[in-house]
Amino acid sequence: MTRIDDDILLTHLEVALAVAPERTLVRLNADDPRAQRRARMDLARHLVERMRGFLIESEGYAAAGGQPCLFPGDLSPMG
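Residues 1 to 79 in full-length UniProt numbering are what the sequence shown spells out, letter by letter.
Just so you know, these hints were derived from the structure itself, not from any lab.
Keep in mind the model is a prediction, meaning the values are calculated, not measured.
Any given hint could be a false lead.
Here are the in silico distance ranges between beta carbons for each label pair [as the list claims (entries may be wrong)]: (1) E14 with R38: 21 to 27 angstroms; (2) E49 with N29: 19 to 25 angstroms; (3) D32 with L10: 29 to 35 angstroms; (4) D31 with G53: 35 to 41 angstroms; (5) D5 with A30: 32 to 38 angstroms; (6) D7 with R37: 16 to 22 angstroms; (7) Q36 with E14: 20 to 26 angstroms; (8) D5 with R37: 28 to 34 angstroms; (9) D5 with D32: 34 to 40 angstroms.
For glycine and all other residues, C-beta sits at the position ideal for the given N, C-alpha and C.
Starting from the given sequences, assemble the full structure and let the hints guide the process.
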(Lines of atoms letter the chains of each structure in order from A and count residues from 1; the text may use other names and numbers.)
(Lines give C-alpha, C1' and ligand atoms only; values in the text may rest on other atoms or scores of the structure.)
Protein backbone atom coordinates (compact mmCIF):
# COMPACT_ATOMS: atom_id res chain seq x y z
CA MET A 1 0.00 0.00 0.00
CA THR A 2 1.23 3.48 -0.85
CA ARG A 3 0.89 6.03 1.95
CA ILE A 4 1.24 9.75 1.47
CA ASP A 5 3.44 11.34 4.10
CA ASP A 6 1.42 13.95 6.03
CA ASP A 7 4.10 16.62 5.59
CA ILE A 8 4.26 16.06 1.82
CA LEU A 9 0.46 16.23 1.52
CA LEU A 10 0.32 19.34 3.70
CA THR A 11 2.99 21.08 1.64
CA HIS A 12 1.31 20.07 -1.62
CA LEU A 13 -2.09 21.38 -0.50
CA GLU A 14 -0.53 24.59 0.82
CA VAL A 15 1.16 25.24 -2.53
CA ALA A 16 -2.03 24.33 -4.41
CA LEU A 17 -4.01 26.86 -2.36
CA ALA A 18 -1.27 29.48 -2.75
CA VAL A 19 -1.41 29.25 -6.54
CA ALA A 20 -5.20 28.97 -6.77
CA PRO A 21 -6.74 31.72 -8.89
CA GLU A 22 -7.27 34.83 -6.75
CA ARG A 23 -10.69 35.34 -8.31
CA THR A 24 -11.78 31.96 -6.96
CA LEU A 25 -10.53 32.71 -3.46
CA VAL A 26 -12.28 36.11 -3.43
CA ARG A 27 -15.58 34.54 -4.55
CA LEU A 28 -15.51 32.20 -1.53
CA ASN A 29 -16.68 35.23 0.51
CA ALA A 30 -19.25 36.45 -2.00
CA ASP A 31 -22.70 37.51 -0.81
CA ASP A 32 -24.38 35.31 -3.42
CA PRO A 33 -24.57 31.65 -2.27
CA ARG A 34 -24.43 30.49 -5.91
CA ALA A 35 -21.17 32.39 -6.43
CA GLN A 36 -19.78 30.81 -3.25
CA ARG A 37 -20.74 27.35 -4.48
CA ARG A 38 -19.15 27.96 -7.89
CA ALA A 39 -15.99 29.15 -6.13
CA ARG A 40 -15.91 26.01 -3.95
CA MET A 41 -16.36 23.86 -7.05
CA ASP A 42 -13.59 25.73 -8.88
CA LEU A 43 -11.28 25.34 -5.89
CA ALA A 44 -12.13 21.64 -5.61
CA ARG A 45 -11.34 21.17 -9.32
CA HIS A 46 -8.05 22.99 -8.82
CA LEU A 47 -7.12 20.73 -5.88
CA VAL A 48 -8.12 17.59 -7.80
CA GLU A 49 -5.92 18.65 -10.69
CA ARG A 50 -2.99 19.24 -8.33
CA MET A 51 -3.50 15.89 -6.56
CA ARG A 52 -3.76 13.72 -9.69
CA GLY A 53 -0.25 12.39 -9.09
CA PHE A 54 -1.11 10.94 -5.67
CA LEU A 55 -2.39 7.43 -5.12
CA ILE A 56 -4.74 7.51 -2.14
CA GLU A 57 -5.58 4.09 -0.76
CA SER A 58 -6.95 2.59 2.41
CA GLU A 59 -6.25 -0.86 3.83
CA GLY A 60 -9.94 -1.40 4.48
CA TYR A 61 -11.07 -0.33 1.01
CA ALA A 62 -11.32 -3.79 -0.55
CA ALA A 63 -12.93 -5.34 2.52
CA ALA A 64 -15.41 -2.52 3.08
CA GLY A 65 -16.79 -2.71 -0.44
CA GLY A 66 -17.28 1.05 -0.65
CA GLN A 67 -15.35 4.16 -1.49
CA PRO A 68 -13.33 5.39 1.50
CA CYS A 69 -13.89 8.98 2.58
CA LEU A 70 -10.86 11.26 2.30
CA PHE A 71 -12.17 13.34 5.23
CA PRO A 72 -14.00 10.79 7.44
CA GLY A 73 -14.79 13.22 10.27
CA ASP A 74 -16.73 15.63 8.05
CA LEU A 75 -19.75 13.96 6.49
CA SER A 76 -22.11 16.92 6.79
CA PRO A 77 -23.64 18.51 3.66
CA MET A 78 -21.81 21.47 2.17
CA GLY A 79 -23.46 24.86 1.87
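Against the structure, the hints:
no., hint, in the structure
1, E14 with R38: 21 to 27 angstroms, "holds (23 angstroms)"
2, E49 with N29: 19 to 25 angstroms, "holds (23 angstroms)"
3, D32 with L10: 29 to 35 angstroms, "holds (32 angstroms)"
4, D31 with G53: 35 to 41 angstroms, "holds (36 angstroms)"
5, D5 with A30: 32 to 38 angstroms, "holds (35 angstroms)"
6, D7 with R37: 16 to 22 angstroms, "violated (31 angstroms)"
7, Q36 with E14: 20 to 26 angstroms, "holds (22 angstroms)"
8, D5 with R37: 28 to 34 angstroms, "holds (32 angstroms)"
9, D5 with D32: 34 to 40 angstroms, "holds (39 angstroms)"
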